[in-house]
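Visitor: Residue strings, one per chain:
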Amino acid sequence: MHRRKFLGLMGAAGAGSVAASTARAASGKHFEGYPDSFAVLFDSTECIGCRECERGCNEVNGLDDPERPFDDLSVLETKRRTTSDAYTVVNKYDVPEQSEPVYRKIQCNHCMEPACASACFVGAFQKTELGAVTYDPTVCVGCRYCMIACPFHVPAYEYDKALEPRIMKCTMCYEIRLSKGELPGCVEACPTEALLLGKREQLLQVARRKLQAYPDRYEQHIYGETEMGGTNWLYISGTPFENLGMNTNLGDTPAPKFTSGALKLVPGVVALWPLLLGGIYAISRRKDKIADQEREQSVEQAVAETKEQARKELEEFKDKAERDKKKEIEKAVQKAKEEAEAERKDEQGGSDE
Amino acid sequence: MDRKRFFIILIGTIFISSLIFAFTATSKEYQEQGSDSEVGSVRIDAISQIKELSMPTVRFSHDMHTDVLEKQGKNCQTCHVQKEDGLIFFYERSGSIQDSEALKTIYHENCIGCHASRHEDGASSGPLDGECRSCHTGNAGKRSQSFVMEKALHYTHWSSEDIAYQDAEKNCGACHHQYDTEREVLYWEEGAEQNCRYCHKDSEQDEIRTMRQASHDQCVRCHARKRDGVKDAGESGPIHCEGCHSKKAKQRIEHASRKLKEKMGEIPRLERGQPKVVLMLPADGGQNTERENQQGGVGPVPFDHRSHEASMDTCRVCHHKSLEACSKCHTVSGSEKGGFVQLSQAMHETQSQRSCMGCHEQEKKAASCAGCHDAMPAPEQTGESEKCRACHIQGDQVPSVAEAIEMNATNRRETARLFIEARDTTQKLYEREDIPETVTIDVLADEYKAVEMPHRQILLAMAEDIEESSMAGYFHRERGTLCQGCHHNSPASKDPPSCRSCHGKPFNEKDPLKPGLQAAYHQQCMNCHEAMNVDEPANRDCTACHEKQGTDEAAHQ
Amino acid sequence: MNRGALMSDQETGKGGSKLSLFHIVTGVILLIGVALTVYRFTQGLGPMTNLNNEYPWGLWISFDLLCGVALAAGGYVTTAACYIFGLKKFHIAVRPAVLTAMLGYLLVVLALTYDVGRPWRLPYPFLVQSGTTSVLFEVALCVMIYLLTLIAEYSQVAFEWMRMSVARSLVMKSILFLTVLGVILSTMHQSSLGALYLIAPYKMHPLWYSSFIPVYFFVSSIVAGMSMVILEMSLARRFLRHKMDEAHEQGYETVVLGFGKAAAFVLAGYVSLKVLGLAVENDWSYLLTGFGALFLVELLGFFALPAYIFAIAARERRVGIIKWTALWSVLGIVLNRFNVSLVAYNWNLKVGEHYFPGWMEFGITIFIVTLGLVLYRYCATRMPVLHEHPDYTDTH
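Chains as they are written, first to last, in our numbering: chain F, 1 to 353; chain A, 1 to 557; chain E, 1 to 396.
Treat the hints as calculated values from the structure; they're not laboratory data. Hints are supplied without guarantee of correctness; some may be wrong.
[Stated by the list, open to error] Computed Cβ-Cβ distance ranges for the label pairs, DEER-style:
| id | chain 1 | residue 1 | chain 2 | residue 2 | range |
| --- | --- | --- | --- | --- | --- |
| 1 | E | R382 | F | G268 | 38 to 44 Å |
| 2 | E | L31 | F | E32 | 22 to 28 Å |
| 3 | A | I14 | F | L272 | 39 to 45 Å |
| 4 | A | G191 | F | P96 | 43 to 49 Å |
| 5 | F | R209 | A | S160 | 54 to 60 Å |
Here the structure is a predicted model, which is why all the values come from computation and not from measurement. Glycine is no exception: its CB is placed at the ideal position from the N, C-alpha and C atoms.
Whole structure, please, built from the sequences with the hints as guidance.
Guide: Below, the structure written as structure tokens:
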């Protein structure tokens, strides 16, 4: 291959590698959490399903008025999820062994390694040092990949807005409350302190102490301690977490790790493919060249053979012609001799009479 | 060409229909048929003990068959083999068989054979040959309620004149027996009756029949025999599964038990020569005199055996392996016989159903107690003298373990009786006038008005609820103990601290387990109501406790 | 001049009524499309689509994006075959394939402007703020650069048409570079479209979720490309024969047979990879469920079967069968993309909560496809795609 072509391919490989080196950000290291980040502990045994948290969130965040007021508890008869009007909802669950239903508050879990932040291709989500995962509507393109990525089915989209649709999800009241050292709307509103705000490490200790002190009351597991690599919203419950509609099969792998493997291969492809393809190209060109050469060679050979053949024939013809000529000359000489002889005899015969 | 086209169309149709099927199948949630919980259905899966089943289990309606056979004038021996003094409660065989093919033959030939002969006679019959899945449905359902010989039922039996054992005064021997391994014979020894399950387990061990076999043989056979001899068949016990094992049967027994209590005040005590009071010691009356044993134990425990009997249904709750003293197996350091469970564990393990403290913990879960006790963290053995002395007698004036071991049985009993009678098991509470009638909670009144709490009414209602309990009466040592249910983490007193003296601002980093004042109020009241099944005021009925402040709350609508 | 002689009289000469029917139908569809476009940008996505919070990606992503990108893979496959692997017999397929690919990607970007909430912000990841941990970022970057690559590759045709020889020769010199770049970029974004779903393992059915999804998507894109080339050459031969020169007419059979044979191999490889994936993840038990039936129908009926038929037809030199099998294979790719994005995704939601596209979503999709057809026809009838430009005969 020509030097120029080779250099061109290497250039492509290099340029691609540089661009793809940003994929390093998707490495598989595990994030232990910002120290002193806040978290919320939800104790399902204290939750009475009064929906004051929903009201608090709605007021503090200035969301639209809901269709049915917050003291209408009949909405609890259907299972709801977060929507573009509601950062958080409370659901009621009937547990077979218990006569009383249990309740769970659903909102963004503010994962330690959020799937939404990993998935967003404009970096609209950020895991802040205070622990909250915030959303920046000024860069969001609206691709909704975060909604695909979130294992908790949390982000909602303003489909009804034509020009400024946003993703809507709980922000732990970061801008309005948390960054000012105040309580998030839901935590402040809860009358039974089923929601506890504190440093994540401390809340884990609180939860463990509760589990130890009341082993009959609680399921011996803190949901969110390790799920999806750990979340900043922790749950303890008096009934198995499946009964609260929570997915207990989520595993401990943080979401970014699922795609970091694929992204790590990018620089590899960019580096190797030019070599591979260049090699194939070189081989195929070489094959063509050799085929051409062989063809030429065989043509030459054929020509040479033909020439040789012609030359030989010519030689033979020449020889034959020579021989023929000689014979002719001999014949002629012989004839002349004979004639001369005859003439001489004739002359002699005349003188004898 | 025609064949080719046909072939293509066929393939195409198959593909499209499989696509349609696949799409619809993904959306349908295939629901398993719910299992039947019919009592009286026996699950036939004997072969599953031998090898993996190739057909689903058979659900056999025993009661239905009993009825049908009864109508025909046939008895249990139609299907059950009769041996010397009893029926073998296997089907058509006298013991367990390990050959799966033989088992299959037994069941098929006998069951289907009977069905076939009925069918020939023109009567309705069960499934016949070839109708495999009519029997092998796999819906064997829930196993029926296990049966507990409650005291009332036991009384019915041992007081009955229809049940007699040879010429003995008592008729315990009619059911209770022991086995002489040398002479290989069953015999009854008076005063040595044991609980059946001590020997008869759930699975056959050492050639002792299972509880299922033994109990059915003992009970059902006798009931069947009696039925033949007694005019009013209702007076002998049931021979149908649902006669003992159904929910209805349980209710019947409970009803009879209540009636008995009403008539006689309490169910008469099972007389087996057991003590009324016991002085519990680490050693079992001199047989274990190892120095180790003598040095173990805080102090002897005077134990009111008789009153504890009254609150149990069966001895097996505490005497789980044998009717002997606990310390016989559970020695101070632990022995192999006791599974290396030390005496202290056996007595104090709070998670166990049969230890002293474990059972007491269970009692505290009752609705009358749970309001206060649910909020208390799991107890830990702290070694506080007063806590131990609630049960153990300990001090310079009272006999120590070593001294008690030296006593003879009579003295020990006397000591125990004295201490037990000295215990004050009456309800202790402050005078009515000393208990505030209403408490106005107005510190946080903001969105809502102050709470006018009917303090005295609540307290007196709770006290009345536990009036009858001598355990509550004893363990609530002081007059202010009941108050500590709400006025917790402070000493018992006539003027206990108010909630707001400890509970203040929420989310205190230094004390994260202590809720703020509002949550303290709500958690304390609401959790207690939930635990004690108090429906009003409901948790979310805010105005039931405090009226709303102001008139116009339209802002929230 | 020359150009005119090649085009207009043949165009208006042949079958006047057939052409105007095409114009009418496509015209109506395009008008409806414009109306829907106005609706989309004045009313938003909500009134127009059945998208909801559980299904943020619907028909437009499944078909227009995923299928569109997969089916436009003919560009890199054909150019790679011709220029890198040196298989000159595919030369006549290069330009149509590049045209299809370029139009395909342009329409993918167009479809995105409908689907995305704020399409004017589509350049943001490159200009304002980048989320480089995102697979979608890589997809976007690669698609953007690849689109430019395709435009560059196609510019050769455009330059010939506009008789700009200098520009044209520049492009010709960089053909190899562009081809290699195209293969690299295609590998990355075809596989990354599958890798998008890697982040949601708990929402995907195990039969379709695998750490090998990127490989599956990439390999199936090769198949898709080849099948599409076969299909469009066949369609061009049927409807635009008058535009084809002798080389294209004669070479058609070679191309179809060649790609058919290649597709057989690649499909067989794909099926083996899928089976391998099943074994690695130990998903055999899922095959006995309803989803398993669908999976088997997709794999065996739409991937294994075409592999077999391609192979036999290539051996027997049955061009007609290869054509139909190519169509079947394309349907298989579409089915696969739909299965991954709409059936396997959120498979465990209750039945009533599943998504089905609304009529307006179908409308936009049909509009976009029609636009593609119209543009293809426009280019193929005017530019030297199906024939060699008489002045530029040195394309190799």
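Visitor: If a hint holds in the structure, say so; if it does not, say that too.
Guide: Consistency of the hints with the structure:
For E:R382 paired with F:G268, a C-beta distance near 42 Å keeps the hint of 38 to 44 Å intact. Taking the beta carbon of each, E:L31 and F:E32 are about 59 Å apart, not inside 22 to 28 Å as hinted. The hint said 39 to 45 Å for the Cβ distance between A:I14 and F:L272, and at roughly 44 Å that hint holds. Checking the proposed 43 to 49 Å range against A:G191 and F:P96 shows it holds: the Cβ atoms sit about 47 Å from each other.
One distance hint, 54 to 60 Å for the beta-carbon pair F:R209 and A:S160, holds here, with the actual separation near 56 Å.
Checked against the numbered hints above, the structure violates only hint 2.
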